[in-house]
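Given the coordinates of chain A, assemble chain B onto it according to the supplied hints.
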Amino acid sequence: MVSVNMRWLLLALICSVVAGCGGMMNDLNPSGSDKQAAVEAGTLGYHVGQIAPDFTLSDTLGTSVTLSSALTETGVTGAVLYFTMWCPACDVDMSSMRSSIIPAFPNVRFYAVDYECSTVESARNSEMSTGYDGSGFTVLADTDKNVLKLYQGQIKGTMGITVVIDKTGIIRMNEVYKNDRLTTALTSLP
Amino acid sequence: MNMGLFNARFVTFMTAALLWGAACLFSPSAWAGSCCGGGGGAGLLLPKFSQAMIDFSFDFEKYDGFWNQEGKYTPDPAGSDLRQYRLNTGYARRLSKKWQTSVVVPYVWNVNAYTSGTHRKEGIGDTTLNLWYEALDDTTAWKIHDLKDLKPSVTIGPSLVIPTGISPYDGMPSDDVTGRGFYRLDGNLIISKTLHPWSASFSLSYGSYLERPVNREVDYVTPYRKKLGDRSSASLSVSYITYLGSGGDALTGTASLSELREADATRDGNRIDNSGLKKDAIGGTIAYSSTDHDWGVRAVWSHTVKQDGWGMNFPATDIYTLGVNYGFR
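Chains as they are written, first to last, in my numbering: chain A, 511 to 700; chain B, 16 to 344.
Only chain A is shown next, with the shape it has when bound in the complex (with noise of 0.2 angstroms):
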């Protein structure tokens, strides 16, 4: 009897199974290797070690944001770009940020990049609903998905990656949001 339904139990699982496809493997048996693509210094991209592709974007005040003048300015050390949606996980992320990290790196430019407005007036309204006006975050109006193609490679965007670029346009960091890493990145800038 048990081993009759047994077999239903397994065939049920590896139907399951086979049903999912995608990367569902990567998650019944994760892999702990580092796979992460060897990069040619000097070249364009997203990755770490790449040279950060330049654009210019809205801010919600309407001042046009160009990132390689931004890196430019007097005093400037690097900048952080923050891909926001607004959702839970990105308040907690921004949060901790401005609690944090903000004050601590004072030379360094903070930008959360708003991927789903279609206007810079909706994201001017999602930032002032979510409290992060005047919050030492520029957020940058990505109404194009332009940036979030350029920074992510797919124009469907996963929130609270952060991107870390040094004054020389190098990307330093470019993953999920991690208190710690992003720390390190920050202090570990030329």
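It is worth saying that the hints were derived from the structure and are not from the lab. Be careful, since some hints might not be right.
No farther apart than 27 angstroms at their CA atoms in a straight line, the calculated lysine-lysine pairs in the DSS-like style are these [as the list claims (entries may be wrong)]:
1. B/LYS77 / A/LYS655
2. B/LYS87 / A/LYS688
3. A/LYS666 / B/LYS136
Then chain B, alone, in the frame of chain A:
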């Protein structure tokens, strides 16, 4: 019909219905959040006289703001409309008089609209395996004569969530996520008591995620080990049963209050501040059962109160469920 047999069957039916409602409250789907991982099915519980059961349910989960890490309710950005639909397919089978097992596999559709456009993605969610042991039976549903008539039914058992869904660690965008990416082992307890036509149930669950390595988010990253925080949930529900016409078709109404908590996650053994969450919800269920109890149909509404303090670090949602099951004797 022999009234003794009818009574026994009625009690077991009521118990099963109540347990079903309680199990629904433990549904991992309550954790679903197409922006935050989720998707999952509930455990199934068989009535005493059933050897097997097949169950289909369809969930519609509508997101409406979230609670931040301080428990303050925050509306979603204007113009956004986030939804998740789930078709849960379940099969339960009796292993012996006291033991039963079940599997539930959800299929998930994420439909998330923002002012910038609408993202759609579908895929299998996380699978749930259950093993239940019916430790005590509630056999006195009609009148309390002495203390032993207060004996409730007690059902215990472990469940295992298998990460068959698309997780945040599969290189997929947030809107495509249908699962959490972690195995979780739960211990479950359900206590219920019927005193016709009323029933009450208390459910408790405690689960621990297994730590896993992560080497990929959107892109491959420097590997680390992650473990989500231990999860606990509790619920209290009260039911009332009424009969339709002169036959045995029954309608059961259930009201419930449930509470979910998850502790902070860890990365490489270090606690990730503010990564825990909580959600309180109220719910209502209307369930129909045919005279022979072979067929069951239910409508469930799980509601979160969009006010400060009813959650933390989690989306506020309403979940509407329609389900049908058929038991094999």
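Each hint, compared with the structure:
| no. | hint | in the structure |
| --- | --- | --- |
| 1 | B/LYS77 / A/LYS655 | holds, 25 angstroms |
| 2 | B/LYS87 / A/LYS688 | holds, 23 angstroms |
| 3 | A/LYS666 / B/LYS136 | holds, 11 angstroms |
Of the hints listed earlier, there is not a single one the structure fails to meet.
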